[in-house]
Structures are given as structure tokens and as C-alpha cells.
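*Asks:* Dock chain B with the ligands against chain A, hints included.
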Amino acid sequence: MSKIENLELLVVGGGPAGLSAALAAANYGIKVSLAEEREFLGGQLIKQTHRFFGSEKEYAGTRGIDILRKLIDEVNKNKNIEVLLSSRVLGIYEDNVVTILNDHKMKKYYPQSIIFATGASEKFLAFENNDLPGIFGAGAVQTLMNVYGVMPATNVLMIGSGNIGLIVSYQLLQAGVKVAAIVEAAPKIGGYSVHASKLRRLGVPILTSHTIKKAIGKEKVEGAVICELDNDWNEVKDTEQLIKCDAICLSVGLTPLVDLLKQRKVKTTYVSELGGYVPLRDENMETSIKNLFVAGDVSGIEEATAAMIEGQIAGLSVAKRIGKNNKKEIEKRIEEGKNELELLRSGPVGKKIRKGLSKLGLNHGKNYNENFSEEALDISHLMKTGVPSEENLKNKLPSEEKVFDKGPIAISECFQRFPCDPCVKSCPFNAISENGNINNIPYVDFEKCTGCGICVSKCPGLAMFVVHKNFSETTSVVIMPYEFLPRPHKGEIVKVFDREGKYLCDGKVIRILDGKFQDKTAAVSIEIPKRYYLQARNFKVEE
Amino acid sequence: MDENKVIICRCEDVTLKEIRNAIREGFTTVEEIKRVTRSGMGPCQGKTCGLLIAKEISQMTGKPMEEIELQNIRPPYGGITFEEVTKGTITENDK
Ligand code: SF4
Ligand code: SF4
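Chains A and B, in that order, give the protein sequences.
Residue numbers for the first sequence follow the UniProt record's numbering, beginning at 1 and rising by one.
Residue numbers for the second sequence follow the UniProt record's numbering, beginning at 1 and rising by one.
One chain only, chain A, in its complex shape (with noise of 0.2 Å):
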């Protein structure tokens, strides 16, 4: 005979997900068992070295690889969990046994309830040579560059303007690699305008309406030859042009990994908002079949800070159900999740999970708050080319000019209501306010504010500037965040950009705050002619 190990929990996936559940039914003493199929936990946050947004809670303006650091600290902490690693499902059945490829052996478990974290994959393109060698998918050239420090290639063309395809070209270009360009299919920036508009100033080209009609190259990609599309997505005559570069990049979007729910036959429906087939759930994350929950961006495609709330509503109502005490106090906790993944998706960005929550039969009921739905500014020229308006830039300076006499003001540039708030969080004057609700614009108190320059290191979307215009008779100084290396030193001339990174002219640097507490992020304070203050918004220095 052979044996069967029974389980109180199986969370199968350590990704943020993942763990979350792990910890949140653990912490109420239910017996967890976490299998990852690799050999370390962390799921995609192991390559995330971007600060998060989303609300101060779950860690907003920390860097995904610290939120992890975190986290595991918690899991191995914790006596109530087991972890598996290096342990991949490899099958469940119709009576909910489960085998486990472990130690090279396969074994059999026979758990009471299943949390399914296990995320998703990459979306393919179609085009002509698409299997020439160089071409990547976003994940892999993240994980080559931020888990191996291999550099993929010397310049790269991205497809897709998502938060990944942004994010990953960012990080392109700090680990000293070129972006040719990003390439988007829609007419507007698929991912944050305050990622977009990071790499505008570093001089990368988003092109939106373009999509790539074929990877040049004989034996690996040599360039691609990318059109013009119109409204309804048809090529655009005599548009054609070629890129060169020596690797594609395809950020073309993440689907579900739903292949363990179908081998137990969860029932999965196509939701093109959630990024594909995704199981149906309730709001407790339990799907058609009784005690088999999931989480994640297995049930949709969302950012992380949404899958570690969904981990926790998931674990909890797994406690609830098996547990055996706190019912009250865990049914509390997750209301509580509820409500912040409601505030999560409550912005204009939450549009789309809205919608194809709805189609899932999810958010029937809820209220929205509407005032919350529409961008409260025109950003139109903004998500179609990544640089915000003369209208939008006017609507965050102080409205009179005589303001910047008082000195040093600290200058927002983040137009686009999405749920972030750490430059209110950060601010030890209380001069930034989003008006009591994290997906509202935030706005400087220019009465309240010091300069103190706080904020530019903490702002996840380096849009927080600190400039002051009178700095001496002729000339101006614009504290800008800096996460590239080498540093500068002070004394040193750089040269300055503006929003769409171009040159405007040399700047000196006068102070550099890079310490413990910028934490990566430098505030460098570089002095410029006066009458470049309300252009300068970027440097770079000469290597």
C-alpha cells in the first residue's frame, strides 16, 4: 500500500499570493503546508526591485524585493508552516489527492483544503520569425538581469507598454542596456503614466497605435520592422519602419496559470479584463469546487499588492472554515480585506478588474464611488505619449508665480488617479494631501511645504520634484530622484533634460542625499539657469 499524508492546508505557489495565505491561516493555527516549485520562495518578487504603490498597509513605496525579505521572514517564523520547496504539483485528483514531485520522489498528500497561488504566464505574439533567438518574454529578461545579473542584450526593442513592459524597460536601462523604443498596440500607455513619463525623460520613445509586423535577422534578431495602426487596429499604409536592435522584448500581458484547476475541474470561464480563462470564485476566493480556493493572479490578472489581500481572504476563510476558534475576529479581518481590495479597484485603472469582476457575477451590489471612476484631469496627451500637458503641468504649479519666492517648493507631477500614496505618507510637514482618498490626485500645500525634499526619494513614481527658483540671482536648483550608477559627485556638471529627455544644458550638482533612508532612491540637487526651472527634470551622468 502506499501512504497518503494527510494536510490541514495546501497552499500550492510561494508568490506573494502565495505566502500571504500561507501566513494569514497559520497565524490562526491552521496547519499549512507551502509547496513552490522552485528552489526558493518569492514567486515574480524576487525581481522586483521597483518600489510598490498601492496603500502604506501592504507596503506601499517598499521594493518588492524587501517586501519579500519580509514576508519570508514571517513564513519561516512561523511553526505552524511547512515549506516544500523544490516541490512541484504534479497532479490532482477527482477525490482531491494531491501528488507532489519532492526529493525526486512523488508523493501523495491528502489535504482538507487547497489554496491555488499560482499565478500566471506570459502572453505569446504572433508574428512573422517570432522564434528567432532573441527574442525574450519581459519575465525572462527580468530574470536573467535582477536573479543572474546577466545582461540579455546591448539594445532592446519592447513590445507592450503594460507596468511590466514599462517597469522592465527601466530596469533596462539601469543595468546599462539601450531601449530603442516601446511599441503599443492601443492608442494609449497600457501601464502608470508616472512609469511612462520616467522613461520619456530618459529619452525612450513610447510609440502607441504601432505594433511589430516581423523580427529581422538571419541566425538572432537583427531588428523589427514595426507599423503605424489605426483606430480600429488595421496597419496603416506606408508606415512600415525598421528598428534595430538586437533583442525583442514582448510585455504583451499575463494570463492565469489555470492548468492545475482544470485537472480537478474547476469550472473556468474566458474573461478578456482578467487576462484570459480564469476560474469562477465567490468573494471568499473559494471556486466551484467546496474547500479549493484560490488566489492571486491565478484568479486574474492584477498587481501584487492585490494578490497578498486576496492570500489573506483566502487563508482567513480557510481558518474560518476549519479553525476552531476567533471565528468572530476572523470573519472582521476579512471584511477588512474586502474593503481595501474595493478601495484598491475603485480608480479609473480599476476599470477593467471592475468589469471583468462583474462578468464573474463579483461586484453585484457593490458601490463604487463614482466620484472616484472618471480621471479627474485630461490626460489624454499624457497616456498617449508618456508627457504630461502644458493644462496638466499648470494644474500642479502654484497659481501664482510669487510663490516660489518663498524658496524651495516641492513640485508633483503625478496626474493620474490611481490608488498610491506614499509622498502623502512620507511628507513630515503633512503638505501633501490626496484628499482623504488614495486613488485622488495628490496636491502639494505650498504654505505647508519646506522643501525638505522627503518626498522625492519616496515617491514609487519619481514624480515628486523639489525646485527653487531663486536659488541665487541666475540660476535655479531642481532636487531630482537619481537610481542609476554611477552616482555623482558634488561639484560635478552633468548634463540636463527635460520631460521628453531633451538636452536643455549643463547643470552643477550641489548636494546629493543618498543614505540609509533614500534607500536607493538619491536626491540630487543640481543647479541650473534660471530659465530652465519649470523644464529640468532629469540628468544624466557622463560615464
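Treat the hints with care, since some could be wrong.
Selected chain A positions facing chain B (in silico; Cβ < 8 Å) [as the list claims (entries may be wrong)]:
no., residue
1, N80
2, V83
3, R88
4, L101
5, N129
6, Q263
7, V266
8, K267
9, E370
Hints in this document: simulated from the structure, not taken from any laboratory.
Ideal placement from N, C-alpha and C gives every residue a C-beta, glycine not left out.
*Replies:* Just chain B with the ligands now, with coordinates in the frame of chain A:
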């Protein structure tokens, strides 16, 4: 577009042309196409091509995506050796 140069299933090297031919011949589910072309039978088990094939079927037949199912997935999920199977299922008492 040269359909012969567009790869849909990277594991088994199946082109867009082969997929479209299969659909034209009347194979209009992802599962059938998997069986006649081997698409989705490689190491990734259809993670790359499954969605693309479903979309191609939808486009060519006019069926909405909601009515198209992905291929069946059966255990084991990924490759495993016989030794690994037997090592795990036979306990000390069996020997
Ligand atoms: S510069 Fe300092 S005082 Fe002004 S908004 Fe930023 S953190 Fe607050
Ligand atoms: S300015 Fe504030 S809301 Fe905008 S990206 Fe920065 S921290 Fe987030």
C-alpha cells in the same frame, strides 16, 4: 504575413499556417488541434500556444471566446521519471 514563419507552438514548432489549415479542415476545438498538430504537447503543455489557438479559432469560426475551451490538462504536470513515481508510492512495508 507569411503564415509559415509565424510560430504558434514553440515547443513543437507548429506554425500559424498549420493551425489555420487544421481549423479549415474542421478541427475547431483546442483539444482537437492539439491532437492533430501536436501543439501544446511539449514541455510547456500549451501555456504559450493555448490562448493563441483559442483566439484563432474564435476569429475563423466567429465563435465568441467565452464558448471556446482550452485543451484538457492531465496529470502529471510536467515531466517525471518512472523511478520518481515508484520511489514515492512504495513504502518501506512493501519491500
Ligand atoms: S519637500 Fe518636504 S515638506 Fe515639501 S512636500 Fe516634500 S516632504 Fe513635504
Ligand atoms: S506622487 Fe504620490 S501618488 Fe503619485 S506616484 Fe508619487 S507617491 Fe504615488
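*Asks:* Each of the hints needs a verdict: does it hold here or not?
*Replies:* Results for each hint:
no., hint, result
1, N80, "violated, 25 Å"
2, V83, "violated, 19 Å"
3, R88, "holds, 6 Å"
4, L101, "holds, 6 Å"
5, N129, "holds, 5 Å"
6, Q263, "holds, 5 Å"
7, V266, "violated, 11 Å"
8, K267, "violated, 11 Å"
9, E370, "violated, 28 Å"
Hint check: violations occur at hints 1, 2, 7, 8, 9; the rest are consistent with the structure.
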